Amino acid sequence: MTRRGIERLAMIAILPLALAAPFLAPAYMTFFTFICIMIVLALTWDVLGGQMGYNSFGNILFFGIGVYTTTIVQIGLFADVGAYTAAYGVETIELTRNQFLIGLAVGLVAAPLLAVAAAAFLGSGLLGLRGQYFAIGTLGLGIAGGELAAAWGWIGGAFGVQVPVFPGEVLERRLLFYFLAFALAAATFLTLKRLYAGHFGLAINAIRDDEDKAEAMGLYTTRYKTIAWCIAAFFLGIAGGLVGQINGYIEPREVAFAGASFGIWMVLMAILGGKGTIWGPVIGAILFYLMKEFFWQQFFGWQRVALGLLIVVIVVFFPIGILGWLKQRFPARFGPSVDMVARAKPGAGSDGARR
Amino acid sequence: MDMIGLLFEAPPLALQLVIDGVLIGAIFALIAYGMALVWGVMKIVNICQGEFVILGGYISYYCWEAGYPLVLGVTAASIALFALGWLLYRTIIFRVVEQDLFISILATFGLAILLAQSMNQAFGADVRTADAGLGNWFLFDNLVSIAAIKLVAFGATAFVAALLIWFMRRTRLGQAIRATSQNARAARILGIDTHSVYAFTYGLNAAICGAAGALIAMIWVIAPFGGLIYTVRAFMIVVVAGIGNLPGVIAAGLALGIVESFIGFVLGAQFQIALIFVLLVLILVGRSLRLRRQRKVLE
Amino acid sequence: MTALLEIRAASKHFGGVIANHAISLVVPEGRIVGLIGPNGSGKSTLFGSIVGAHPADEGSIAFEGREITKLRTPEIARLGLIRTYQQTRIYRKMSCVENMLISAPAARETFLDMLRPRNDADIGEAEELLEFVGLYAKRHLPAGSLSFGQQKLLEFAMALMNRPKMLLLDEPTAGINPTLINGLLERLKRVNADLGITLFIIEHNMRVIMNLAEHIYCLAHGELLAEGSPDAIRGDQRVIDAYLGVR
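Chains as they are written, first to last, in this note's numbering: chain A, 1 to 355; chain B, 1001 to 1299; chain C, 2001 to 2247.
Calculated from the structure, these hints are not laboratory results.
Remember, predicted model here, so these are calculated numbers, not experimental data.
Ideal Cβ positions, reconstructed from N, Cα and C, are used throughout, including at glycine.
Treat the hints loosely; a few may be bogus.
Okay, derived cross-link-like pairs now, DSSO-like style, lysine-lysine, Cα gap no bigger than 27 Å in a straight line [said to hold, decoys possible]: (1) C:Lys-2093 with A:Lys-193; (2) A:Lys-327 with A:Lys-193; (3) C:Lys-2189 with C:Lys-2070; (4) C:Lys-2165 with A:Lys-327; (5) A:Lys-292 with A:Lys-327; (6) C:Lys-2093 with B:Lys-1043; (7) C:Lys-2189 with C:Lys-2165.
Ranges between beta-carbon positions, derived for each pair [unchecked claim]: (8) B:Arg-1095 with C:His-2013: 39 to 47 Å; (9) B:Ala-1158 with A:Phe-31: 50 to 58 Å; (10) A:Leu-24 with B:Gly-1124: 38 to 46 Å; (11) A:Phe-31 with B:Gly-1268: 47 to 55 Å; (12) A:Leu-17 with B:Arg-1188: 50 to 58 Å.
Whenever a hint applies, use it, and build me the whole structure from the sequences.
Below you can see the structure in the form of structure tokens.
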């Protein structure tokens, strides 16, 4: 079967599976939901990290902005945010079903917009940095986000915010967020697939391989870089909004701007699967999340240490990722091809006819 | 902003902040020197720098708790960290030393997480400090107070720095390190075993961090997840000063200490960490804009 | 003949080193002009100044009568002035066809073009040009896996894909198998004659440049030493001295 055939089959097979999954295994619904979120995180990191060669440790900032924006907007539509956060969750607000859903919808629209605005603003400065300077500059960005949120009392400061209680049954809430997360993952995947297939994908790949050459060939690289970051921020903003809601409680350093968990996982998932590919981050996200769950069950207490070790092992011993390894192992199926056949339509003299 | 007014009304207060800043800034400079060493010689930005510092702090803390003198704590921390650094190089870092930069950043970032989580498990999440019990010195009618241990730490920092300079300039190993940093391939051709040089350099850096951490445990506090901020401080200092610019590293380190001490005073401690990271972003962006105007690329 | 590229008294220094001093020259439209000079005489620096990689400190550079001295690299490239590099610069992990596609005229590129899939016309053109330089069979290989000489040919094809009005070629034959040089010369002449692309070529191989160029400028120590027809340059004592190191 050709590569494209496998790809198409996978995409067709996933849809009914994903739709049926929560009904086949309802106990694992939250697990499936997080798999979808992880796929979004890995895919969006790969836009810059894999496809464009800009390794960001700060994408978690956009995620965090999404976390806060969604819930603060949801609360702010129907209550006074300052008073609500000042009560540290002692006084909760009871939203009706409609209020909750409207608030969520507006919040999930506002979150990506704010995240994109932040990416556009920060990108103009930070995307001029290269190599390790960009990596560490963005690392600072993610942490600065968390610390600033922790110092800002209006949004709850270090104590965080209690998410409004979902007015309905537990199962209903789980289903709602599962389907939202799945829709987001699917939208992210299809959007990026489309973008990578076009001029945009070529341009950011060119920036990865030789940015100065791309400029010398007439590409406005800064524009591409900023748009790439905005696209990542858009989906991350929504993902953050969903995670905050699913979690039911928002806190700046561990939930929203969680650099030590989501922030580093997204990098790792993309690398594990194979960075610079569209399927790599998807495979990496699923595999990594399975491993993470396994660690959490097996190494009680030491799971975070084990995870740290896993990071080192993957990066040091397996930096090419699963798809990279497949390309090396089976070049005939996954690698490039040489064909020695002459061109089907010989273009004799057509050089002159080009103009 | 009342705090700024206070500074004008009571000039000794400003002096207090400057002194505090200089004393702590010297330790920042020491950590940054270690980072610049690894960066210059091995072309690796060592993200687990701060975790080495914290680990050194724990070693000296437990020495202090067991009742040993402070000097022993500093020495033990340096020796243990040298061994750890050497071991890490021989097991992990040597695999990433001549690969692309991002791999080494990510690998040392992974090590940072591994070390921080291990320390959290082993030593608990509590904030620790080794109180030397040396008391305070008072100046200007008790308006300015200086913890004696900070002066001792400053002296120790200066001593370690002098030792390092002597080592790099005068010993054969120091010369081998400098040769490797200028051109690793040429050094290899001339018979220098660059992997040994790298292993030693990485161990030396860890030892420097260990000593710095031992001092920090005495004058400040340490906590398992407090490492990253030291990495970022060191990184900022090296970026501002440049690699291989020792006076620059010292000046930038002291300046950072003073800036932090004023920021912490004026805006409050809850903003201090946030502002360090904001400062990092500003420094990097400022530098990139300046280079862009000259149409050079920061690489 | 109108002047396509006109440089007036351009100077460039890096720190205390004067790389170019008051260089004035003209490249007329539709011609092939050569630029020679010993190593370190400032040829590549001049190219860098022309395409805006590091703008000239003094003097002016005009393309089609328009001042471009201070424009940025991509803007100059979009005017149809493209350079190639002495050490090849290609997108190593992308296939040859992709290398070509990304070089398609950037002028067409608007925000919506980014979303559009690759179009067949561009692919056809890319394959045609790859065939023109003899790389058609390798079109799906990553460009980084090509030999140095093949990378140079690919870079040349990429420049053509951009449909430039003028090409600045930095030592196009260096590193190319000598048996292939004649073929390359043939192609350069065809590009000039059939496509009407003006060529400005740095070259160390005297046989090549004397054969190719209609007019030659010679630099030494960052200054313009001599100019003239290939025959005049060949006989110029100052040029011979410069190459032999006599001052």
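If you check each hint against the structure, which ones fail? Per hint list: 3, 4 and 11 violated.
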